[in-house]
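Trainee: Each chain is listed here by its residues.
Number of protein chains: 2
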Amino acid sequence: MSNRPISLSQALASFDAVWSPHVVARVNDYDVRVAKVEGEHVWHAHADTDEFFLVLDGTLEISLREPAGERTVRLPRDSVFTVPRGTEHKPSAPTGATILMFEPTGTLSVGDRQENVPDHLDVTTGHALSSNEPGGEGGSDAP
Amino acid sequence: MSNRPISLSQALASFDAVWSPHVVARVNDYDVRVAKVEGEHVWHAHADTDEFFLVLDGTLEISLREPAGERTVRLPRDSVFTVPRGTEHKPSAPTGATILMFEPTGTLSVGDRQENVPDHLDVTTGHALSSNEPGGEGGSDAP
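Chains B and W supply the protein sequences, listed in that same order. Residue 35 in UniProt numbering sits at position 35 of the first sequence; the count goes up by one each step and never skips. Residue 56 in UniProt numbering sits at position 56 of the second sequence; the count goes up by one each step and never skips.
Check before you lean on any hint, since a few could be wrong.
Remember, identical chains collapse to one label, so a pair may be satisfied in a single copy or spanning two.
Lysine to any residue pairs mimicking SDA-like chemistry, simulated, CA-CA at most 25 Å apart [what the hints assert, rightly or not]:
id : residue 1 : residue 2
1  : Lys90     : Arg71
2  : Lys90     : Ser130
3  : Lys90     : Gly39
4  : Lys90     : Arg77
5  : Lys90     : Asn3
6  : Lys90     : Asn28
7  : Lys90     : Arg4
8  : Lys90     : Leu64
Read the hints as simulated data drawn from the structure, not as lab findings.
Turn these sequences into a full structure, and let the hints guide you.
Mentor: Shown next as structure tokens:
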């Protein structure tokens, strides 16, 4: 990974696909990923890991199937939320959002237990930023 | 930790101290911490873990002592950077900044190898948000 700062907005500007997380940093054996989202993802669960969301722009909703029933949390810009391991959840963003996620490297975007995955969803453990690294220009070595 | 969304700006508004990270979320055995920073921290290193920084507002500088010499990376708002484990580093923010960090729960703010810690710096593994949880109002269950 880069040993220089990465600008999240430039990283996000380097791709167009929605629900297609891109890895902007690694922390030990965890990824920091960013994604553009719009519409609905699928119900899925990660048996072995929590999944952290930070909303950079727009509003993200996450529906959760919990022992007490189903509920949907609404995350406006600047909100954080952790989906506990094993909890079935379905992210959605009716009007679009950009998000940052923190999860173990190798975590599949659709979990290890999911509904049928529609064509518009990317099944990935996170894409690398493109090789010309537009995200790499956001910060700089100080003079 | 909260099972509701947390607003980062409201969490940050709940305390005044600089260089005093507060835990806003947990992800497996990692903390998500936010801090207000201004002026200089101390040179320190974490032998066993990388440390991730996202600049929410303002500009953060991180000086690094690397095998090739010393350099300072400058992180404007919206930038991310990971300090590799074992690398001596000194964060500073001449004009102030607010930052978000990912690191293993229990990681000490001044590392496990550091200079003398001046009085203005908090030696902590991260404070809890206050019990009235002003950060807890940022998101909501959708209707």
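Trainee: Taking the hints in turn, state whether each one holds.
Mentor: For each hint, the structure was consulted:
Proximity of Lys90 to Arg71 under the C-alpha cut-off of 25 Å is restricted to the intra-copy arrangement: shortest distance 11 Å within a copy versus 43 Å between copies. For the identical chains of this complex, Lys90 and Ser130 are neighbours neither inside a copy (28 Å) nor across copies (30 Å), given an alpha-carbon limit of 25 Å. Only within a single protomer do Lys90 and Gly39 lie at most 25 Å apart by alpha-carbon distance; the minimum there is 11 Å, versus 42 Å between protomers. Taking the shortest Cα distances, Lys90 and Arg77 sit within 25 Å of each other inside one copy (18 Å), while across copies they are farther apart (30 Å).
In this homomeric assembly, Lys90 and Asn3 come within 25 Å of each other (Cα to Cα) only across copies, at 16 Å, whereas the closest approach inside a single copy is 34 Å. In this assembly of identical chains, Lys90 and Asn28 lie within 25 Å of each other by CA distance solely across copies; the values are 20 Å between and 27 Å within a copy. For the homomeric pair Lys90 and Arg4, the shortest alpha-carbon distance between copies (16 Å) is at most 25 Å, but the shortest distance inside one copy (34 Å) is not. In this assembly of identical chains, the alpha carbons of Lys90 and Leu64 lie at most 25 Å apart only when taken from the same copy (7 Å versus 41 Å across copies).
In summary, the one numbered hint that this structure violates is 2.
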